[in-house]
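J.: Listed here are the chains, written in short residue letters.
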Amino acid sequence: MEFDPALFVELFTRTFQFWWVIVPAIFLGLVVGAIPGFSAANTIIILLPLTLAMEPEIGLVFMVALYASSRMGAGIPAILVNIPGTAGAAATPLDGYPMTKQGRGQQALAISFVSSVFGGLLTTVLTLLAMPWLSQVAFYLHSVEMIVVMLFGISLIASIAARDTLKGLIAGFFGLMLGYIGADVVYETPRGTFGFLELYDRVPLIPALVGLFAVSEAFAVIEGESILSKRGREAMQKAGWAETFEGVRLALSKWWHIIWTSIIGLVIGVVPGAGAAIAAFVAYQQSRTYSKTPELYGTGHVEGLVAPESANNGVTSGTLVPLLVIGIPGGATAAIMLVVLQYHGVTMGPDLFMDNPELAYGPFAAMAVTYFLMIFTIAPLARYMSRITVVSTTYMSPIIISFTLVGAFVPRQYMFDMYLALAFGVIGYVARKTGYHTAAILIGVILGPLLETYFLRALKISEGDIMVIFSSNLGNILWVGLALSLLLPYLFQLRRAKQEAA
Amino acid sequence: MFDDYFDELDRRRFLTGSAAAVGAGLLAGLPATNAFAAGFPSRNMKVYVPTREGGGADRNLRAFTSIWKKYLKVNFEPSFYPGAAGRVGYEKYMGIASDDGHDLLFGNMGPEVLNWVVKKPTGFNVSDLIYFGQMDRDPGIVFVGRKSKFKSLKEIVEEGKKRTIKVGVSRLAHPATLGILALGRHTGAKFNVVPLSGGKRTRAGVATGEMDCGALPSGGIARRGKNFRILGIFDDSNPMPDLVKGAVLVNKEFGMNLPPLIAGARAFGIKKAAIDKHPANFKILTDTSNKVFGDPDYQKVLKKTKVPMELFTKSSSQAEIAKYVANITKIGEQYKDLLTGKS
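As given, the protein sequences belong to chains L and Z, one line each in that order. Numbering-wise (this note's numbering), the first sequence opens with residue 1 and increments by one. Numbering-wise (this note's numbering), the second sequence opens with residue 1001 and increments by one.
The set of hints was computed from the structure by calculation and includes no laboratory data. Keep in mind it's a predicted model, so treat the numbers as computed, not measured. Every residue, glycine too, gets a C-beta built ideally from N, C-alpha and C. Careful, some of the hints might be misleading.
Some chain L residues judged to face chain Z by a derived CB distance under 8 Å, without partners named [stated by the list, open to error]:
no., residue
1, Ser143
2, Leu197
3, Tyr200
4, Arg457
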């Protein structure tokens, strides 16, 4: 796995020649990423016979391009209509949608595209350069360490609760309680399922996601004429290309933010089983912690949009690392890529980098070229995509509800999931009207089961010794980091108050 | 886990998806086929799968039914009901499936029967289900990562007498888990089995060093020989001597008398009530499924799965299946305390 500049130059040159595969895959990925319930994984599954019929290299380039662009696509409805296409985009609407409501949808999309592209591009290049070290991450981040990583994400609830402590914590704990519904991971004992078999496999994420965000939003916006505020509508009517350029400028001005939040995504992505949702929430929480203006998060703050979008695109290249190094896919899409490589007789593992370096590094070259081409193909579309927000809520709300209910049905094909999405919609609507934060509930639903899984696993490993959570050096360093990230905002706030008083 | 089942799976999905666009009209114009002829089967077969799409059951099901449909002259429609170690799928099948022979279950008898023995869910009784058409016979094994310091199962056992060995397993109620626990009870070695929810995560747990070793069915590990080493087999013989070298037979090595712990034993299931009501339909099912085993096209399909061919059965015997289910039920009852963490 040594760095060979000549090999990389040749790889990139060669991959650019496949632009005719990459560009259609980018557009397809954007569409499937934007539809709730669909994802790169199930689209690649559907198209697998097509990719298998292609030359192996072309097929792989196609899948990688689809994978990368679908990640970006999931952010589009999250920003424009508060519907995250996947769990990985669940943190995107926190600041993306308020921007849209202010009539800055076009800007928000441009910020999202630039953060995604540069975050994805940077982490892909980093992965190429640091593969030997990155491949070791999974050997150090075990259950104990992952408990703390989960807590980084969950502590975002505390940040949200900072605005209204009691309501924020109630919403967060309510979400965590919902997240623990289902069979436990050790003894497979169903808990809190109310006898519904459909809940034995945990609360399904997509119905919870679209219900809490999209359906409740559709209920709420139907009370007005438009999802935009009056000023927002005026701003949208005046919006031209300048808005896109302003979005690009704003995102680029946060270049350092893009770098470090995308690296969070990369590191989390390398751990098999971790995912974009964790990365996005952890990045958002960290971004808020170290921000000079934490009070602006949740109101349409640029950094609050840059962080989750950079991080969830940073995950993309990370999930390929364990696949190529130890033959264990980091996520569902990586698993399908493994199928294609196996189909062509390629055996994963460290030997691949010596036996067939073009194939081992090829997916990363394809990903980098995809991100590069996305700058030119997607950014100009922000202006046109954002026009959807001017559609009257008379039409928009029923469309959102029907669209998302289908999305809730698709992954498991249970009618139950459509009812569940509606139930979450009602919960979300009541939460909005009574000042409880839906994002706090959702964080609990998404991260709660993962936290429980790692916690129970760690307890099983230690044979019930709770002190196992402090048993690893890396874990302890992370605990200190977590404590700091919870304390620092208050310390910063105190310092600012002192400075202002002085 | 993520093998060429995708090939079959996705080809089907792709074809389904493509056909949806252009096929509806064409299908409407087709002449009536045997699928709609009088007699059994009079409609497509529905198959309840108690696991997620994409696992070994899915892979094997698609391989088998791609040939079986030639003989039954109808298509198979799989539906997936994962959750609670197979219980969701079993309860759905026993609860809502028709008992005219058109609705079947397809699962992995070993872990699923064992799970029933351990949990005894109230929704169904496993004796109300009859298995047939067993496709594979994949024994449970003990394996380590390629960088592991353990070179033999004996070393693991010896170490287990000094400290607790962490063993990654797919789930608690699993023949391979039962094997490692029985080995510990027999030798005095202390094994702490940690369920990692599936073969992929178990392999990851072992490969990354979080677990000292793992216990799973052999197929998925044997195919990844460069990353893992198989050290022990819970069977009377090594089914893949050319592929798995240096592994010991646990019974022989440690003087035990465990029955073969077949961790991968995928087969179809049908409600006993369906057999009682329509014995002729069940005969058609068993007769036609038995023909699949001898079909040369079936061998070609199996080869494409990349699973070692030695693990697929050449025929299926009802008596053997009944014996296997009785064995696994008996040993499950015997080791129930270990599988439920009570001792």
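J.: State for each hint whether it applies.
T.: Hints versus structure:
1. Given hint, Ser143 of chain L at the interface with chain Z, holds; its Cβ is 7 Å from that chain's nearest Cβ, closer than 8 Å.
2. Because the closest C-beta pair between Leu197 of chain L and chain Z is about 5 Å apart, less than 8 Å, the hint holds.
3. Checking Tyr200 of chain L against chain Z by beta carbon gives a least distance of about 4 Å; that is within 8 Å, so the hint holds.
4. The beta carbon of Arg457 of chain L comes within 6 Å of a beta carbon in chain Z, closer than 8 Å, and the hint placing it at the interface holds.
Of the hints listed earlier, there is not a single one the structure fails to meet.
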